[in-house]
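Visitor: Top line first, the protein sequences correspond to chains L and X. Just so we're aligned: 370 in this note's numbering is position 325 of the first sequence, and the numbers increase by one with no gaps anywhere. Just so we're aligned: 8 in this note's numbering is position 6 of the second sequence, and the numbers increase by one with no gaps anywhere.
Do not rely on the hints blindly, as some may be mistaken.
[Claimed, not checked] Simulated restraints, written as ranges between beta carbons of each label pair:
#  : chain 1 : residue 1 : chain 2 : residue 2 : range
1  : X       : Asp51     : L       : Gln192    : 43 to 53 Å
2  : L       : Asp198    : X       : Ala60     : 39 to 49 Å
3  : L       : Leu292    : X       : Asp65     : 42 to 52 Å
4  : X       : Ala115    : L       : Asp198    : 33 to 43 Å
5  : L       : Leu293    : X       : Pro77     : 54 to 64 Å
6  : X       : Gly24     : L       : Ala150    : 32 to 42 Å
7  : X       : Ala85     : L       : Pro163    : 26 to 36 Å
8  : L       : Val296    : X       : Met76     : 29 to 39 Å
9  : L       : Pro163    : X       : Asp51     : 21 to 31 Å
10 : L       : Glu305    : X       : Ala85     : 17 to 27 Å
11 : L       : Pro163    : X       : Arg47     : 22 to 32 Å
12 : X       : Met76     : L       : His347    : 24 to 34 Å
Quick caveat, the hints were computed from the structure, so don't treat them as lab data. Even glycine gets a Cβ: it sits at the ideal position worked out from N, Cα and C.
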Amino acid sequence: MCTTCGCGHGEAKVEGVPVPAADAPGAGWHRHDDGSLHADHDHDAHHGHDPAHEHKHKHEHGLGAAAGPRGAHAPGISATRAVQIEEDILAQNNVYAARNRRLFADRGVFALNLVSSPGSGKTTLLVKSIEALRGRVAVAVIEGDQQTSLDADRIRGTGAPAVQINTGKGCHLDAHMVGHALEQVQPADGSLLLIENVGNLVCPAAFDLGEAHKVVILSVTEGEDKPLKYPDMFHAADLLLVNKVDLLPYVTFDVGRAIEYARRVRPGLEVMLVSATSGEGFPAWTAWLEAGVRAARAARDHDIGALRERVLQLEARIAAQPAGAPVR
Amino acid sequence: MHEMSLAEGMLAIVEDTARKNGATRVASVCLELGALAHVETEALRFCFDAVARGGPAAGARLDVVTTPGLAWCMPCGDRVPLARLGDACPVCGSYQLTVVAGEEMRVKEIEIA
Numbered sequence: 046m047c048t049t050c051g052c053g054h055g056e057a058k059v060e061g062v063p064v065p066a067a068d069a070p071g072a073g074w075h076r077h078d079d080g081s082l083h084a085d086h087d088h089d090a091h092h093g094h095d096p097a098h099e100h101k102h103k104h105e106h107g108l109g110a111a112a113g114p115r116g117a118h119a120p121g122i123s124a125t126r127a128v129q130i131e132e133d134i135l136a137q138n139n140v141y142a143a144r145n146r147r148l149f150a151d152r153g154v155f156a157l158n159l160v161s162s163p164g165s166g167k168t169t170l171l172v173k174s175i176e177a178l179r180g181r182v183a184v185a186v187i188e189g190d191q192q193t194s195l196d197a198d199r200i201r202g203t204g205a206p207a208v209q210i211n212t213g214k215g216c217h218l219d220a221h222m223v224g225h226a227l228e229q230v231q232p233a234d235g236s237l238l239l240i241e242n243v244g245n246l247v248c249p250a251a252f253d254l255g256e257a258h259k260v261v262i263l264s265v266t267e268g269e270d271k272p273l274k275y276p277d278m279f280h281a282a283d284l285l286l287v288n289k290v291d292l293l294p295y296v297t298f299d300v301g302r303a304i305e306y307a308r309r310v311r312p313g314l315e316v317m318l319v320s321a322t323s324g325e326g327f328p329a330w331t332a333w334l335e336a337g338v339r340a341a342r343a344a345r346d347h348d349i350g351a352l353r354e355r356v357l358q359l360e361a362r363i364a365a366q367p368a369g370a371p372v373r
Numbered sequence: 003m004h005e006m007s008l009a010e011g012m013l014a015i016v017e018d019t020a021r022k023n024g025a026t027r028v029a030s031v032c033l034e035l036g037a038l039a040h041v042e043t044e045a046l047r048f049c050f051d052a053v054a055r056g057g058p059a060a061g062a063r064l065d066v067v068t069t070p071g072l073a074w075c076m077p078c079g080d081r082v083p084l085a086r087l088g089d090a091c092p093v094c095g096s097y098q099l100t101v102v103a104g105e106e107m108r109v110k111e112i113e114i115a
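Build out the structure end to end from the sequences listed, making use of the hints.
Guide: Below is the structure:
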């Protein structure tokens, strides 16, 4: 293993600007007595929180009581004690992912995380998808690569906004990087956000970016047995796009077997056959995208409706209070 | 390799807990890694060791508890053990399985001084 691998260790850049290191505990996020993690400023994350609880920045909460001291306590030797944590290693990433997901929900944005091996045709697929949706759905793109802005440049060539994340030595995008990229790309209300992950069929599987779905792309020039060889990624996906189907006459790729293998590791996986060069399969693919955008908009409208009702209820309650009395 | 990101996540949890409990040293970290989790245990050990250097968790012993993979098998109508993603139900041979356990990656507890 490479001793200089600084995966995700402060080398990530968004449009050439270094991403600030993920907030250390106490700086950007904190833990509550029930063990849950919350980002600071995220007051709406405090469901079931005592309303009388005062919220200051960087306040400390104690964790659950530690177990008693371990072993005999000999003078001159400090005893160790056990502290139970039971916390997901990815808890910090998940806080950032939840923040991204909330942003998408607030704006009715349908966000997808596109994953695959390098060379599966992701970027070409994106370019063609943007062109196919022109005039119908606004599209923004977040690109992830180790180096260069080549992919973001290609996307911008279509007229769609794109932001490039360069991970440096990193092998996957994480929710913190995507959060920073979102500050620049600012997806429009009711739009489609496509996140093209680093070409890597292993690592991105573990990282929630806040997306609605992971879409895994497998091209027919790759082996049909990939779903068995790289199960984590196919297991994490909700849709499989089999790309470059225009080349099927020239390769020995067995589509049926690839789908069978993929459904072994992810039962019920939705599958579409597409070709970004010939346009085959695009009507179904764009219909799926538009349905997702409609659903995101509908959910946002429903949330707004529910909020409006709640405001009306609270206003009525305030109006019913005798003047000067505290609102209960 | 993404184990470096995971190790950093672990370190944040461990150092935060130690600090909140007034400890200056972490003697050991107990991790719960599911048999189906997306992590290579030895790579994680290596990375944690590297990122913990110079801090309160430097040299901490890493104890890994592997939790078994479990899936709900539709035809069997029962939970069955699952060793690897892509395996068939050991009882009936079907692939209609939903993973219910074994994907966890959790910092279970730490020993502090």
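Visitor: Run every hint past the structure and note whether it holds.
Guide: Okay, the hints, checked on the actual structure:
no., hint, result
1, X:Asp51 x L:Gln192: 43 to 53 Å, "28 Å, violated"
2, L:Asp198 x X:Ala60: 39 to 49 Å, "44 Å, holds"
3, L:Leu292 x X:Asp65: 42 to 52 Å, "50 Å, holds"
4, X:Ala115 x L:Asp198: 33 to 43 Å, "54 Å, violated"
5, L:Leu293 x X:Pro77: 54 to 64 Å, "33 Å, violated"
6, X:Gly24 x L:Ala150: 32 to 42 Å, "39 Å, holds"
7, X:Ala85 x L:Pro163: 26 to 36 Å, "30 Å, holds"
8, L:Val296 x X:Met76: 29 to 39 Å, "34 Å, holds"
9, L:Pro163 x X:Asp51: 21 to 31 Å, "30 Å, holds"
10, L:Glu305 x X:Ala85: 17 to 27 Å, "20 Å, holds"
11, L:Pro163 x X:Arg47: 22 to 32 Å, "28 Å, holds"
12, X:Met76 x L:His347: 24 to 34 Å, "32 Å, holds"
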